[in-house]
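The chain contents come next:
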Amino acid sequence: MTQGLQGPRPEERPHPEGRRNAQGERIDPVQEAKQETRQATVSALVKHEPGVLSLVSGLFSRRQFNIESLTVGPTTVDGHARITLVVEETDAGIDQIKKQLAKLKPSIAVGELGTDAVRAELVLLKVQGHEPDKVHAITQMYEGQTLDAGPRTITVQITGDQRKIDDAVDAFRQFGIIEIARTGQTALARGDTPTTPGESPAASAESTASETQNSSNTQQ
Amino acid sequence: MSERATSTYPDSTEESTDEKPTRRPVTNGAQSVVRALENAGVKHLFGVQGGAIMPVYDALYDSEMTHVTMAHEQSASHAADAYGIVSGSPGVCLATSGPGATNLVTGIADANMDSDPMIALTGQVPSDMVGSDAFQETDTTGVTAPITKANYFASDTDTVGDVVGEAFAMAASGRQGPTLVDLPKDITNAPTDREPGPGRTPSTYNPRTDPDPEEVSAAASALAGAKKPVILAGGGVIKANATEQLSEFAIEHEIPVVTTMPAVGAFPEDHPLSMEMAGMHGTGYANMAITHCDVMLAVGTRFDDRLTGGIDTFAPEAEIIHIDIDPAEVSKNIYADYPVIGDAGTALTRLYDAMANEPDADDWREQCQTWKDEYPMDYQTPEDEPLKPQFVVEAFDAVTDDDTIITTGVGQHQMWAVQYWTFKQPRTWVSSHGLGTMGYGLPAAIGARLAARDDQTIISFEGDGSFLMTLQELSVAVRDHMDITVAVLNNKYIGMVRQWQDAFFEGRHSASEYGWCPEFDKLAEAFGAKGFRVDEYDEVADTIEAALAYDGPSVIDFHIDPAANVYPMVASGAANGRFALSEDQL
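From first to last, the protein sequence lines stand for chains A and B. Each residue of the first sequence is one higher than the one before, counting from 249 in the numbering used here. Each residue of the second sequence is one higher than the one before, counting from 2 in the numbering used here.
In isolation and in its complexed conformation, chain A is listed as follows (with noise of 0.2 Å):
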């Protein structure tokens, strides 16, 4: 078909030399930057309704955010609660991370811990029984607690950062690691910083607990 316009044809007309990146960023045409990705951990204050997992949880899988860990529980405040999560992203795909969570209704506040925040996670580990001195051993090296003893199997606890976890992982592999069931991280910011914007650490009970009143009926 030779039905068209006119006008000069592209390669006539001039084109700028400029260029952006993934991120949409404006970069120097020689030096062709890329971003990095880094871990991040990010803590959102929702409310505690039924669905607000499965929403924060479509939210990643939608957008394609690549998800470490997610941990939710309640809060000191009647009807909230807290979603960690570890994510490994570029600074800008962290930034649409705390943006598009932030935008949920239920979200009431989003926040990203920073390096001194305080972390832990928790696993179960099921190992083989026949060495229990051993298995001992290493537990209370790793400050762990034995929670299930038994001829063939022995079932311990171990908490603490995602270091401390991954190495205590490695050393228990000599006695044949049957199961293993891992929570992922949960943070708070260190001392009187708030771990997500306007959360007040001390009072959080009594200033946010009107919140709560007109939600009872939604959602997502």
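Since the hints were made in silico from the structure, they are not lab data. Keep in mind the model is a prediction, meaning the values are calculated, not measured. A hint or two may mislead.
Listed below are several chain A residues computed to face chain B (Cβ distance under 7 Å; list not exhaustive) [stated by the list, open to error]:
hint: 1; residue: Leu253
hint: 2; residue: Arg267
hint: 3; residue: Arg310
Pulled from the structure, derived: some chain B residues nowhere near chain A, Cβ distances all over 10 Å [stated by the list, open to error]:
hint: 4; residue: Ser88
hint: 5; residue: Lys150
hint: 6; residue: Ser218
hint: 7; residue: Asn242
hint: 8; residue: Glu255
hint: 9; residue: Glu270
hint: 10; residue: Asn358
hint: 11; residue: Tyr380
hint: 12; residue: Asp484
hint: 13; residue: Ser513
hint: 14; residue: Ala527
hint: 15; residue: Thr544
Don't be surprised by glycine CBs; every beta carbon is placed ideally from N, CA and C.
Model the placement of chain B on the given structure of chain A, informed by the hints.
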């Protein structure tokens, strides 16, 4: 026109004298739902009856709101969407549970992509049957969670009206969008005497409307220092009713204005500063302007890929000022050097006040005018060739007012309509942008008809493929005596697909040829509408005049050049500045 198919219309004056008891005390959940809609000022609803929504329809029986029974729920959601676009207030659609609710989904998704204010009310099986895979049960809140701004599962008869009020308020405020309330039948049927309170957004929803003064001041400095400034107006400008502020800003500072497709009508296209629409099928001059600018003032746009082309080549040397009420849209696709979070009108006013001087851009404006001359929007109309679709669009434009409302389906006809109609007013262009829903045009025309003033003309441009998807709604237009003119640009192809097959699939027309199209003029007559057929240039003007003069729905089947394609065209993911003017340039 067939006498048998002609419906008789009730005298509207008769209807108004009909005694309808209103404002009776609320006695059940369904009446509370209806009361919440009345409190919100709703005048029209679009829907289809069904088992689980029956209590709500029963309550509507006593309401003064007008319910339009659509032929298919998909059309109810499109009509409500269009109603929201034209009126600026959320359109309302209703459907029953299960298939009724899922049929609404396309229209909800469409409204979500275009941030159109809309509220959907769906029936649900009784609460004690939820989760049991009961007859006509669907997890409606689950299905619609990704395509609604917010959705609700009503679980308490006493507060169901408040939930509807909140959903309505959510749809209308901040960045607008569709909301949904799922209404289990026992909740709407159960007794309550509680009147719903005024609709309020939830405490967690507080969009920032007034931008940070520091953000504004930084943006103003960048813009004032620009040598090649351009304004990119997005649909948010119309949603925020900020078209006057936009025009004032652009004209005062003499900055060329490019629009996205949803923003068509935000700035008069006959103004010298207008570069019209940019993007895949935008004008060559608009695409040159956004490619070569050094500062872009983007307002209320989400930088859709049909606009940007390849991200790497989008306005590659421009600093971006991005005004948006939704912080999540800023730096989502295109990094914003100067983010300005707030309402478009307020932000433009603040920015206007903060500008120390206007950009020194005489050369740039001259360049923009040169591009207009270099890349004219044109087509040839030799008398011996089949009718050109562009000619049809221009012929309609020539005989109608500036406030005529255009709705469209999706495809080539949509692009010819947007390219060759000169839009001068906001809320006169009603189309499916982000989702690209074929079949949108006719139901949208019905929604637009009810939202528009009586003296506004409604024209729906359709393709044969698009029209076939929802033409059953002609029955609604005839039944309710709606003055709508449908112009089918019939090339017996699903034309945009054919165009892509020619360009990218070696002309292999797999499943794109519609050689068996019905005769739309006769089909229209069968529905009781007025039907016309046009094959020649010299029939165009008279037929348009007759169709527009006809008081009721009419359909003109324009048999256009089947080989006509849409240009300019930016290939998917390519640089906007490399738009093709003909197929051999793709």
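Hints versus structure:
1. Given hint, Leu253(A) at the interface with chain B, holds; its Cβ is 4 Å from that chain's nearest Cβ, closer than 7 Å.
2. With a least beta-carbon distance of about 5 Å to chain B, the hint placing Arg267(A) at the interface is held under the 7 Å criterion.
3. Of the supplied interface hints, the one on Arg310(A) holds, with its beta-carbon coming within about 5 Å of a beta-carbon of chain B, less than 7 Å.
4. In this structure Ser88(B) is separated from chain A by more than 10 Å, as the shortest Cβ-Cβ distance comes to about 24 Å.
5. Not every Cβ of chain A is farther than 10 Å from the Cβ of Lys150(B); the closest lies at roughly 8 Å, contradicting the non-interface assignment.
6. Distance check on Ser218(B): its Cβ is at least 22 Å (rounded) from any Cβ of chain A, clearing the 10 Å threshold; non-interface status holds.
7. Separation of Asn242(B) from chain A is adequate, the least Cβ-Cβ distance of about 22 Å exceeding the 10 Å criterion.
8. The claim that Glu255(B) is not at the interface with chain A holds, since no C-beta of that chain comes within 10 Å of its own (minimum 22 Å).
9. Look at Glu270(B): its CB is around 18 Å from the nearest CB on chain A, clear of 10 Å, so calling it non-interface holds up.
10. At the 10 Å boundary, the C-beta of Asn358(B) stays outside the reach of chain A, the nearest C-beta of that chain being 25 Å off.
11. Residue-level check failed: Tyr380(B) sits 8 Å from the nearest beta carbon of chain A, not beyond 10 Å.
12. Separation of Asp484(B) from chain A is adequate, the least Cβ-Cβ distance of about 35 Å exceeding the 10 Å criterion.
13. Non-interface call for Ser513(B) relative to chain A: holds, since the shortest CB-CB distance, roughly 14 Å, exceeds 10 Å.
14. The Cβ of Ala527(B) lies farther than 10 Å from every Cβ of chain A, with a closest approach of about 35 Å, so its non-interface assignment holds.
15. At the 10 Å boundary, the C-beta of Thr544(B) stays outside the reach of chain A, the nearest C-beta of that chain being 24 Å off.
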